[in-house]
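**Q** Sequence:
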Amino acid sequence: MAAMERHRDLKGRLVFHFVMLMLWETAFGQIRYSIPEEMQKGAFVGNIAKDLRLDVKELSDRAARIVSRGRTQYFALNLKNGYLNINEKIDREEICKQVNQCLLNVEIIGEDMVKMYTVEVLIQDINDNSPTFPNEQMILQISESITPGARYLLRNAQDPDMGNNSLQSYQLSNSKHFILDVQIGDDGVKYAELVLEKSLDREEQTIHYLTLTATDGGDPVRSGTTQIHVIVLDANDNAPIFNQSVYKADVLENIPVGTLVVTLNATDKDEGIYSEVTYLLRKVTDRASQIFQLNTKTGTISVVGNLDFEESEIHEIEVQANDGGGLSAKCKVLIQVINLNDNVPEITITSFLSTISEDSTTGTAVALLDVHDRDSGDNGRVTCSILGNLPFELKKTFGNFYSLLTNRNLDREQVSEYNITVIAKDKGIPPLSTSVNILLLISDKNDNSPMFDQSFYTVYVAENVLPGASIYTTKATDLDSGQNSRLTYSIIEGQLREVPLSSYVSINSETGVIYTVRSFDYERFRNFEILVEAEDGGSPSLKNNITVNIFILDQNDNSPEILYPSFPTDGSTGVELVPRSCDPGYLVTKVVAVDADSGQNAWLSYILITSSEPGLFTVGLHTGEIRTARLFLDKHSIKQTLVVSVKDNGQPPLSATVTVTVMVTDSIQDILSDLSSLSSPTDTESNLTLYLVIAVATISCFFFIFIILLISIKLRQWKESQLFHSSNVDFSVVPTSQYVGVDAVRAFLQTYSGDHCSTTDSEKNHFKYCNSQSNTLAVYQESKGQGSVLITEALNISNENQYSMQIQKYQCSFVISKQIDN
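Per the numbering used here, the sequence shown starts with residue -2, numbered consecutively.
Since the hints were derived computationally from the structure, they do not count as laboratory data.
Please note that the accuracy of each hint is not assured.
Said to hold, decoys possible - Here are the computed lysine-lysine pairs in the DSS-like style, where the Cα-Cα straight-line distance is at most 25 Å:
#1 Lys442 to Lys472
#2 Lys644 to Lys587
#3 Lys393 to Lys422
#4 Lys245 to Lys294
#5 Lys266 to Lys173
#6 Lys422 to Lys472
#7 Lys187 to Lys245
#8 Lys86 to Lys38
#9 Lys94 to Lys173
#10 Lys245 to Lys329
#11 Lys294 to Lys266
#12 Lys38 to Lys77
#13 Lys424 to Lys393
As the list claims (entries may be wrong) - Label-pair ranges, simulated between beta-carbon atoms:
#14 Lys86 to Gly185: 26 to 34 Å
#15 Ser430 to Ser57: 51 to 59 Å
#16 Thr345 to Arg284: 24 to 32 Å
#17 Glu526 to Asp444: 24 to 32 Å
#18 Arg148 to Pro253: 35 to 43 Å
#19 Leu550 to Arg577: 47 to 55 Å
#20 Leu257 to Ser432: 33 to 41 Å
Computed from a predicted model, the values in this text were never measured in an experiment.
We treat Cβ as the ideally placed atom computed from N, Cα and C, and that holds for glycine.
Can you make the complete structure from the sequences, with help from the hints?
**A** Below, the structure written as structure tokens:
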């Protein structure tokens, strides 16, 4: 019952201390929890979110985690409720060895946080280990001559627990010869000595069997036992003696395996077997037993394992010397490990932003680094620096943590990424260093407008280009990246001759290629300009524009147009009169033509294609003037027909033709006589003879058809001859100058009513000729009350004879025109 009450009281105290320590915060803002060891996985340790005054959602959003540094993770952070739980079962003796206060640090950081929270967890010892002896039995050889009061040092029991849970007392089984005396050494450790209370008698009992029990103060109490076999020997009255009670040695932590550390020396004044001393390890830790080895005969201690100052700075060993008679002595060996700079500094990136915007302000945190060196003293003092002249700096925040910050403005267009090398260097001799590379990407901001490759564009486009043809490609670049550099092209709307520019040209919004919407006409306009705008895809977007000057290139798409002689509208043919007695080079008329094209496409040349009688006339290649080439002879026909071609200089060349009729005569009578000879019925008679020959050769049935055809031909000739004398026929003469309306001529006659005029009658047609003071001749025809103007022409008439001759010329022209038309 009392044991249960003690157990309950101890449990209550543990819970009280656990709760109090869990809520305690240090002056540095750290939280300390206290938990017993050997708690099951998943056990509750503390509410991190509540004690750090953080929102549980904030921990989850920032993906908070525990910094491991490569160590075993004994704790786990539950992001759903903010609890700190046991992740691995904790054995205080394994972690902290014999350290009185066993503290575990838990460092918590988020993925995008540069602030770290440190939590200390105090591991409370529980009585989970029983005292154990190095051996299950101990053998003591005691001479029977030993007087009572002799003391024999026994092997200590080991209990890795701490405080009351560790070794507290020894008990010896009942014996009439021995008692147990428990002493406390200078280091506070209890050790037991077997005291001879009554002399031994070998003849009475050779071996005495004793049981030594070691107990701790835990609840419940744990204990361990070892058997002591006391062999009674003959007398041995001198125990071994060490020449030093404490042996000290300093060794470097990189000392080679097999190196001698210290040599122990114990002597015994006895002789023979009683003076033979053997050495054995009395008290040694498990780790020290793996590093050091004791020679039982020589007493030398040598290194058989690797020394590490960072693991243990000092090793304490107790050695016992026994003689052949069972007497023994003990000494302490202290081996101090000298620290060397054998550990390279370690850099751990606990938090890191892989991408940072180029418009980030100076002092923006990029990464949080944990710099650690396992050495001590100057060997463990580390300085950090950045390699090269980069826009970053390191700032020590707390403990061994450094923040990587920007120290000036960034520009992605100059440097899009930085490979930051952080070097950690200790102060050891020689110094050791390590480095870590951090690749930082600079994200883009839309801070650059599109730029065209030229200040303006000049484009030459041939007219009549097909709609949809590509005429030019505008090119703009943007120094930004991604969507900020994605350009869209457009044409700023305007008008050309009151027509929107979009009806002439269009642009591909992605490639900047300008296309025609319809064909251009050089004769309408020869150039125009458009504004092309390039806009990026940033937010807000940036834009720029450029002027594109478009020049239309002429093509030979217009044939020459003949202005004179112009084609009559009434079916008549123009006639030019030439005196038969004129000299070579006489100007007959001039062919006037124009071309709507320009340049060499409008360079015209005049060529005489055909002539009734070759060699009589020439045409000026570039002037179009028709002149006589030689004198006329009697054999030359009165009527001369010339075909003149007007051709431009384009590729391919275009041309137009005009037919000019020239009448060669000196008087009207000659023209009429020639016309009568031309109208003789010889052709009709020859045709009749031909028809008769054909009729003889054909069958009789075709004879009647021939008669009908012959009658039809005769009737048509008779009708045409009647029309020649009819008043209903319009005998309009094709003039050599220009045709004007009736009203215009009447006005002309009224204006020059005081001038010299004469009239002629030709059967039912009445002609009136007027010569004004300005030497202008007007020919006016009247028939049955209706009048029409034949021609007006400026003449150089110096006397009445020339005037009369000119009237006869036009009367002749009229008659010739009607004969030709018939």
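**Q** Tell me the numbers of any earlier hints that the structure contravenes, in ascending order.
**A** 5, 6, 9 and 15
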